[in-house]
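Chain order of the listed sequences is D and U. Here the first sequence is numbered in the UniProt record's numbering, starting from 1 and rising by one per residue. Here the second sequence is numbered in the UniProt record's numbering, starting from 1 and rising by one per residue.
The set of hints was computed from the structure by calculation and includes no laboratory data. Because the structure is a prediction, the values reported are computed rather than measured. Yeah, the Cβ is synthetic: ideal placement off N, Cα and C, and Gly gets one too. Possibly wrong hints are sitting among the right ones.
Unchecked claim - Covered by chain U, per the in silico footprint, the following chain D stretches (three or more residues, Cβ under 8 Å):
1. 37-48
2. 57-64
3. 93-103
Unchecked claim - Pairs of lysine to any residue residues, derived as SDA-like cross-links and limited to a Cα-Cα distance of at most 20 Å, are as follows:
4. Lys105(D) / Glu72(D)
5. Lys293(U) / Ser141(U)
6. Lys245(U) / Glu72(D)
7. Lys105(D) / Gly238(U)
8. Lys245(U) / Gly57(D)
9. Lys105(D) / Asp237(U)
10. Lys105(D) / Lys293(U)
To be verified - Chain U side only, calculated, beta carbon under 10 Å to chain D, not exhaustive:
11. Asp71
12. His189
13. Phe199
14. Thr203
15. Pro209
16. His231
17. Cys240
18. Ser241
19. Asp243
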Amino acid sequence: MSGGPPDVVGAWLHSYEEDTETAAVYRPADHPFRPSRRPRRGLEFRADGTFTDLRPGPDDRPREVAGRWRSEEDGRLRITFPAGDGAPSDLSVISCADGVLTIAK
Amino acid sequence: MTEPTLSPPPARDLCGTMLVHRRLLNESMSYRSQRAVIENRALQYEIGRLSSARRGPVTIPVVVHVVANRDHPEQNIDEEQIHSQFTVLNQDFRAANPDVSKVPDVWKHLVADTGVEFRLATRDPNGEPTDGIVRVVTDRSGFDHRDGVKSSRTGGSDPWPSDRYLNMWVCQLTGSLLGYAAFPGQPPHLDGVVIGHSFFGTTGTAAAPGNPFNGGRTTTHEIGHWLNLFHIWGDDDGACSSDDKVADTPNQADANTGMPTFPHVTCDNGPNGDMFMNYMDYTDDAGMYMFTKGQLARINACLEGPRASFLAARPIPEAARTDTARRGGGRDSVPDGEVERLLHDSERLTTEVLNDIRAALDTVTGHSRG
């Protein structure tokens, strides 16, 4: 990915039906997704640097984990969580355009 | 489903105010403590140290909150669709569903009639006659997973007392959610199940062509959680490290979706593999058709623990009251003394846990209560 950091601000849900071997595809939360018994994983990036990870939970709804995000080099996003809520992690953005966020698996 | 790979460099991030942190910690500790008590009780039933005192079926009074957008009248589902859901529930929870015959021979002996039935409430919280259906018109185009449908302040419908009614909210859900539940131990104002209207019952908006969730099984699954059942794969993301705390359901790696073919072997659970036809997996509605006896033990632990009020508060039909009074007896499923003991146990444990939490918080903050 070239140019400036990817503009990922927004709420995204995993459109797992569109995944490839190497990439996970996310679309905006208001996309007309097919109903899914398995809750879709969600990523919420806000302009103020806060982040919410929505992970499938035991009661069939997403379990929210709050953290922070920032852009790094080469399209990487650094995600951090308060102590005890999860290890810091990196997401590698392959592309983010036309309402499709693609992240390397 | 494979999630993006996450790599962990060292970091530390302290954010948020202590006030918010303490509130969340307090709520979390209270819930977790209650869950520990509930799980301890479930374990006692699972290993046979406690057994159910229940002698007959229990009927759960239900209030259905239909929350519909004013510009989308189809969300205001009709009575036929609501009643079709109760038909499904009263078959599924009594092992009277026609498709129970599809259970593989190796597991037929595990099929459980849970002895739990559901009916629309006939009396509201004030004792007035009701059809058990509350209809609310909302400006909200839909509701997400954050409980907004459970309060009139956020465009939803306020619950009826959760110790006397199972609250079911039916609405337009966003984010492709089918429904979600509350495990026992949640605060009363959040207790109940939420179901998308297109997945509630078998007629009306649930009967749309191509809908694989048209059999009313979303509600069966969510009430399973309400009665303290876990997902059959143990919510461990395929790790095989955790199960559903039920011995007669094989440990399996992850959720099954769609319509799997028997056997589907994971976690070295051959030759029979995953019990993907269990209501607590994630298959299509047509692919799930059984609870097990082990799951029934957990349901009984729940009904005789955190939800014991539903055993104690069974209404006696008017016609039977005179006769019951003459005989000096009451409920036919559980002896009165046993119900009182269960209720007393539950209340005592809850009080002890809350006192422990307060004491722990006071110790941490150096605050002394009078």
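Q: Identify every previously stated hint that the structure contradicts and give their numbers, smallest first.
A: Checked against the structure, the hints that fail are numbers 3, 5, 6, 10, 11, 12, 14, 15, 17, 18, 19, while the rest are satisfied.
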